[in-house]
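Protein sequence lines, in the order shown, are assigned to chains A and B.
For what it's worth, our numbering labels the leading residue of the first sequence as 139, then goes sequentially.
For what it's worth, our numbering labels the leading residue of the second sequence as 616, then goes sequentially.
What the hints contain is simulated information worked out from the structure, not anything from laboratory work.
Virtual Cβ for every residue (Gly too), placed ideally from N, Cα, C.
It cannot be assumed that every hint is accurate.
DEER-style ranges, computed between Cβ atoms [said to hold, decoys possible]:
| id | chain 1 | residue 1 | chain 2 | residue 2 | range |
| --- | --- | --- | --- | --- | --- |
| 1 | B | D696 | A | T249 | 31 to 41 angstroms |
| 2 | B | P729 | A | P199 | 23 to 33 angstroms |
| 3 | A | G154 | B | G700 | 37 to 47 angstroms |
| 4 | B | T618 | A | N203 | 38 to 48 angstroms |
| 5 | B | L662 | A | N203 | 45 to 55 angstroms |
| 6 | B | S645 | A | S156 | 37 to 47 angstroms |
| 7 | B | A631 | A | N168 | 15 to 25 angstroms |
| 8 | A | A220 | B | T675 | 43 to 53 angstroms |
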Amino acid sequence: NAGVTQTPKFQVLKTGQSMTLQCAQDMNHNSMYWYRQDPGMGLRLIYYSASEGTTDKGEVPNGYNVSRLNKREFSLRLESAAPSQTSVYFCASSVEGFNTEAFFGQGTRLTVV
Amino acid sequence: AQTVTQSQPEMSVQEAETVTLSCTYDTSESDYYLFWYKQPPSRQMILVIRQEAYKQQNATENRFSVNFQKAAKSFSLKISDSQLGDAAMYFCAYRSGNNNDMRFGAGTRLTVKP
């Protein structure tokens with residue numbers, strides 16, 4: 139079972155460059171999330187999507203855009219990368235039903251120089 | 616917006632002993648769900664235990680149990696008979712019952728001493 143797959147696993151960007159982090163899940167989940175993880179700050183929600191065609195801002199959406207391409211895929215785009223966006227990014231998904239756990243991808247380590 | 620606070624950045628425990636990790640949250644909702652996740656060095660997030668806010672009974676999963684105090688908005692994790700494999704970052708998480716918003720605390724790094 140693939141679960142939640144994120145690509146790439148590592149990336150180095152120069153300030154001002156753009157890139158898209160890809161996420162796909164094969165569990166037929168409705169909800170998908172993007173988090174960033176920074177030392178001492180835990181996981182902070184960037185955006186989430188409750189279902190195909192809907193997206194909502196989380197705690198730290200500035201500098202990011204998302205696309206829920208279909209039920210399986212939820213991408214995160216950095217239009218103009220900044221050093222403050224250096225972080226580990228996690229994609230997650232969950233089924234409908236709020237007592238259900240979120241399943242996470244392996245994370246993408248992004249460095250902006 | 617809901618917030619989750621883990622006040623212990625680091626904790627240590629002797630192997631076979633018991634340790635409790637603290638978590639508090641702030642919410643005005645009555646319907647919500649709470650989780651503890653473990654993140655070992657592999658970076659993979661692993662669910663440890665979950666608790667529905669409407670349930671008074673504390674959840675247990677083998678050596679892991681919670682102390683859920685709804686009025687105090689407290690959700691602590693107790694690990695009994697600690698094992699070396701329990702060493703990891705532990706995150707407390709809150710999931711709204713009204714939407715799919717899911718928030719995490721800053722984490723507690725647990726060290727298990729042999």
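Structure-based check of all given hints:
Checked against the hint of 31 to 41 angstroms, the pair B:D696 and A:T249 passes, with Cβ atoms roughly 40 angstroms apart. Checked against the hint of 23 to 33 angstroms, the pair B:P729 and A:P199 fails, with Cβ atoms roughly 44 angstroms apart. For A:G154 and B:G700, the hinted distance range of 37 to 47 angstroms is satisfied, since their beta carbons lie about 43 angstroms from each other. Taking the beta carbon of each, B:T618 and A:N203 are about 25 angstroms apart, not inside 38 to 48 angstroms as hinted.
For B:L662 paired with A:N203, a C-beta distance near 29 angstroms fails the hint of 45 to 55 angstroms. Taken as a hint, the range 37 to 47 angstroms holds for the pair B:S645 and A:S156, whose Cβ atoms sit roughly 42 angstroms apart. Checked against the hint of 15 to 25 angstroms, the C-beta distance between B:A631 and A:N168 comes to roughly 42 angstroms, which is inconsistent with it. A C-beta distance of roughly 45 angstroms is found between A:A220 and B:T675, which places it inside the suggested range of 43 to 53 angstroms.
Hints 2, 4, 5 and 7, counting from the list given before, are not met by this structure.
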